[in-house]
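Asks: Here are the chains, one letter per residue:
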Amino acid sequence: MNPIEIPHTWVLMLSAILFVIGIVGVLLRRNGIAIFLSLEIMLNSANLVFVAFAMLFASQPGMTAAAVSGQIFVFFVIGVAAAEAAVGLALFIALHRLNESIDVDRVNILRW
Amino acid sequence: MVSFAFLAAAVIAVVFACIAIAHRSPVINVMSLVVVFFAMAAVFAILGMDFLAAIQIIVYSGAILVLFLFVIMLLNIQSVERLGSGRRFQALLGTLVALAIGAAIVLAVCMLMPETGAVLAGAEGRGTVVPIGRALLTTHLFAFEFITLLLVAAIVGAVYLARKEPQ
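Protein sequence lines correspond, in order, to chains A and B.
Position one of the first sequence corresponds to residue 1 (the working numbering), numbered consecutively onward.
Position one of the second sequence corresponds to residue 1 (the working numbering), numbered consecutively onward.
These are computed hints drawn from the structure, not numbers from a lab.
Treat the hints with care, since some could be wrong.
Non-contacting residues of chain A with respect to chain B, defined by C-beta distances greater than 12 Å in every case (computed) [said to hold, decoys possible]: (1) Leu27; (2) Leu28; (3) Gly62; (4) His96; (5) Arg97.
These stretches of chain B come out as covered by chain A in the derived footprint (C-beta under 8 Å, 3 or more residues) [to be verified]: (6) 33–42; (7) 47–56.
The structure displayed is predicted, hence computed values, not measured ones.
Beta carbons: idealized from backbone N, C-alpha and C, even for Gly.
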C-alpha cells in the first residue's frame with residue numbers, strides 16, 4: 001500500500017468545521033432531539049481528532065502502541081455515546097409525557 | 001487520488017451536517033446525519049482504520065440513529081422551528097460564540113502544528129482488528145469490562161426513566 005498523501009492538518013480542519021457546526025446546532029436549535037443530534041456531530045469530530053493523531057503516531061517508529069490506543073479511545077467514545085443517547089432519549093420521552101413538548105425553552109420545572 | 005477521495009468525503013460530511021442542524025424536519029435531520037456518519041466512516045477507511053469505519057457504521061448509523069428515529073416516531077414531533085427562529089439576540093450570540101470557538105481551534109491547529117511535511121502515511125495492518133482486539137483484551141481490559149457495566153446501567157436507567165408512572 002502506498003503512503004497516503006493526506007496532511008493531518010486537513011483532518012484536523014475537517015474536525016474543527018464539524019465541531020463548529022455542532023456548536024451552532026446546540027446553541028441555536030430549541031428542539032431537544034436536534035440538540036442531541038448536534039451533540040453527536042461534536043462527538044464524532046472529536047473522534048476524528050483521535051484518528052488523526054493515531055495516524056500521526058502510527059507513522060513514527062516505536063509509537064504503534066499509542067496509535068492503537070488512539071483507536072481504542074474512539075471505540076470507547078462510541079460506546080459512551082450510545083449510552084448517552086439511550087439515557088438522553090429516555091429523558092426526552094419522560095419530558096414529553098410531562099410537557100407535551102420537547103422544546104427546551106419550555107422546560108423550567110427545576111427553575112423555581 | 002486518495003486525497004481527492006478524502007476531500008469528497010469531507011465535503012459530503014460538512015454539507016450534510018449543515019442540513020442535519022438546519023432543516024426543520026426531525027426525520028430529515030436524522031437521515032442527513034446518517035449520511036454524515038457514512039462520510040466519516042469513509043474518512044476512517046481512507047485513513048486505513050477499517051475497524052473504526054465498521055463500528056462507525058454499525059453502532060452509529062445502525063443503532064444510535066435508529067434509536068433517534070424510533071423516538072421521533074414515538075413522540076410524533078412536528079417541529080416548526082427553524083435554525084435560530086427563537087430570539088434574534090440569542091441566535092446572533094450563539095453564532096458569534098461558535099465562530100469564536102472555531103477560530104480558536106483553527107488558530108491552535110495552525111500554531112501548534114509545524115508544517116514539517118507531517119503526512120499521514122498508510123501501512124497495512126495498522127487499523128485492522130488484530131492489534132485493536134489484542135490491546136482491548138490485555139492493556140485496556142478493565143475499561144472494556146467497565147463499558148459493558150456502563151451500557152447495562154444506561155439501559156436500566158433508560159427503561160426506568162421512560163416507563164409510565166404508576167398511578
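Asks: Now, for every hint given, state plainly whether the structure supports it.
Replies: Quick rundown of the hints versus the structure:
no. : hint  : result
1   : Leu27 : violated, 3 Å
2   : Leu28 : violated, 5 Å
3   : Gly62 : holds, 14 Å
4   : His96 : violated, 5 Å
5   : Arg97 : violated, 8 Å
6   : 33–42 : holds (count 4)
7   : 47–56 : holds (count 7)
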